[in-house]
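If you read the sequences in order, they're chains A and B. Under my numbering, the first residue of the first sequence is numbered -3, with each subsequent residue one higher. Under my numbering, the first residue of the second sequence is numbered -3, with each subsequent residue one higher.
Calculated from the structure, these hints are not laboratory results. Among the hints, a few may not be true.
Note: identical chains are not told apart, hence a pair may lie in one copy or across any two.
Below, computed lysine to any residue pairings styled on SDA-like, alpha-carbon distance capped at 25 Å [unchecked claim]:
| id | residue 1 | residue 2 |
| --- | --- | --- |
| 1 | LYS65 | GLY28 |
| 2 | LYS65 | THR19 |
| 3 | LYS65 | GLN21 |
| 4 | LYS65 | LEU100 |
| 5 | LYS65 | ASP53 |
| 6 | LYS65 | VAL114 |
| 7 | LYS65 | GLU15 |
| 8 | LYS65 | ARG97 |
| 9 | LYS65 | VAL50 |
| 10 | LYS65 | THR123 |
| 11 | LYS65 | THR37 |
| 12 | LYS65 | GLN131 |
| 13 | LYS65 | ALA82 |
| 14 | LYS65 | TRP90 |
| 15 | LYS65 | ALA27 |
| 16 | LYS65 | ASP102 |
| 17 | LYS65 | LEU41 |
| 18 | LYS65 | GLY13 |
| 19 | LYS65 | THR18 |
| 20 | LYS65 | VAL16 |
Protein chains: 2
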Amino acid sequence: MTEVVSAAAEPLPLDQGLEVLTTQQCLARLAGARLGRVGVTMGALPAIFPVNYVLRDGALYFRTGEGSKLTAALNSAVVAFEIDEADGIEHSGWSVLVVGRSELVDSHELESLGPLRVAPWPGGERTHVVRIVPQHISGRRISHGRT
Amino acid sequence: MTEVVSAAAEPLPLDQGLEVLTTQQCLARLAGARLGRVGVTMGALPAIFPVNYVLRDGALYFRTGEGSKLTAALNSAVVAFEIDEADGIEHSGWSVLVVGRSELVDSHELESLGPLRVAPWPGGERTHVVRIVPQHISGRRISHGRT
Chain A
-3 MTEVVSAAAE PLPLDQGLEV LTTQQCLARL AGARLGRVGV TMGALPAIFP
47 VNYVLRDGAL YFRTGEGSKL TAALNSAVVA FEIDEADGIE HSGWSVLVVG
97 RSELVDSHEL ESLGPLRVAP WPGGERTHVV RIVPQHISGR RISHGRT
Chain B
-3 MTEVVSAAAE PLPLDQGLEV LTTQQCLARL AGARLGRVGV TMGALPAIFP
47 VNYVLRDGAL YFRTGEGSKL TAALNSAVVA FEIDEADGIE HSGWSVLVVG
97 RSELVDSHEL ESLGPLRVAP WPGGERTHVV RIVPQHISGR RISHGRT
C-alpha cells in the first residue's frame, strides 16, 4: 500500500473535548468496525452508500453489484470512506475518515487474496470486490461534547 | 422547499430482499434519526462528516464551526446526506440518501426559525447553522439480506 499521511502522529487534544486520533488509532477502529460509508460522485452528484467492509493489509474491501452505477463510479476514483459511533447519552463519539483511490479487484487478485470475510450490504449477488487504498486517514474523538 | 423527486412512489420490492422506500418512508426515517453524515467536496477531495441534525419543515439543519473548512464547503454546494441503520445479526438494515443544496442560515432567519433542538457533533461552539434543502430523496431497506 502507499504511505498513509495522517494529520496526527500522536493523540492531539483540541478545544472542547475534541481529540485528533493517530493513524494507528484510526486503523484500529477501521479494523474493529464492519459498516462504513462510501462517498462518491455519481452523474456529477455526490452520493453516500453504506457498505459492509473488511480491512486487509491496510486496504478496505467491500462488495458491489455487477454493472451497478456504484461499481462504475468506484472504478479508479478518489473516494471518501467513513465510520463513526455516537453515544447520545454520554455526548461522546468518534469518526474516522479515509480518502483514497478505489479500484475493482480482478479475479486473479481475488484468488491470491483468498476468502474475504465480508458480506454485501444488500443481500444477494454482489460479484464485484472493490478496494480502497487509503492515501489520507484522519479521525476525531469527542470525549465530553457539550450541548 | 422545492419539490422532492424520489425514486419510488410506493414501496417497491426488489430482488434479494431489497426494497426501495417511498419518499414518505424516507422522511419518516429522517425525522426519527439524529446522527447523519454529510458528503461534500473539500479542496477537490471528497469527505464525509458525521453531524447531529434535525428535520424541520422538510429541510435538514445542523451546526458547524465558524470559519471551518466544512462551513466554507457547505456554502451553496450540492451535498449528499445519509442516515442508516444495520442489524448484523438479522442481516437487515436500511439507508436513506438525500441530495440537495446546502446553505448557511443567516441570523435573521435563525430568529424566525426559533430554537433548533440540535446539538453540534463535536461539543462546544458551533455557531453556524447549515440547512440542506432536499432535491432528491431515496432509501432502501434490506429485509432478509443473504450472506
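How would you label the pair LYS65, LEU41 (within, between, both, or neither) given a Cα cut-off of 25 Å?
Both. Shortest intra-copy (12 Å) and inter-copy (20 Å) distances satisfy the 25 Å Cα cut-off.
Using 25 Å as the alpha-carbon threshold, which applies to LYS65 and GLY13: within, between, both, or neither?
between (40 Å within a copy, 19 Å between copies)
Intra- versus inter-subunit Cα pairing at 25 Å for LYS65 with LEU100
within (13 Å within a copy, 31 Å between copies)
I want to check one pair: LYS65 and GLN131. Are their C-alpha atoms no more than 25 Å apart within a copy, between two copies, both, or neither?
both (24 Å within a copy, 20 Å between copies)
Checking LYS65 and THR37: alpha-carbon separation at most 25 Å within a copy, between copies, both or neither?
both (10 Å within a copy, 20 Å between copies)
Regarding LYS65 and VAL16, is the shortest C-alpha distance of 25 Å or less found within a copy, between copies, in both, or in neither?
Answer is between: at 16 Å across copies they meet the 25 Å cutoff, but 34 Å inside does not.
Within a copy, between copies, both or neither: where do LYS65 and ARG97 come within 25 Å Cα-Cα?
Both: 17 Å inside a chain and 22 Å across chains, each within 25 Å.
Evaluate LYS65 and GLN21 at a C-alpha cut-off of 25 Å and name the case that applies: within, between, both or neither.
between (33 Å within a copy, 24 Å between copies)
Intra/inter-copy verdict for LYS65 and THR19 if alpha-carbon distance must be at most 25 Å
between (31 Å within a copy, 21 Å between copies)
Intra- versus inter-copy proximity for GLY28 and LYS65 (alpha-carbon distance at most 25 Å):
neither (28 Å within a copy, 29 Å between copies)
Given identical chains, is LYS65 near TRP90, meaning Cα to Cα at most 25 Å, within a copy, between copies, both, or neither?
between (30 Å within a copy, 19 Å between copies)
Pop the pair LYS65 and ASP53 into one bin, within, between, both or neither, using alpha-carbon distances up to 25 Å.
neither (27 Å within a copy, 31 Å between copies)
The earlier numbered hints that this structure contradicts are 1, 5, 15.
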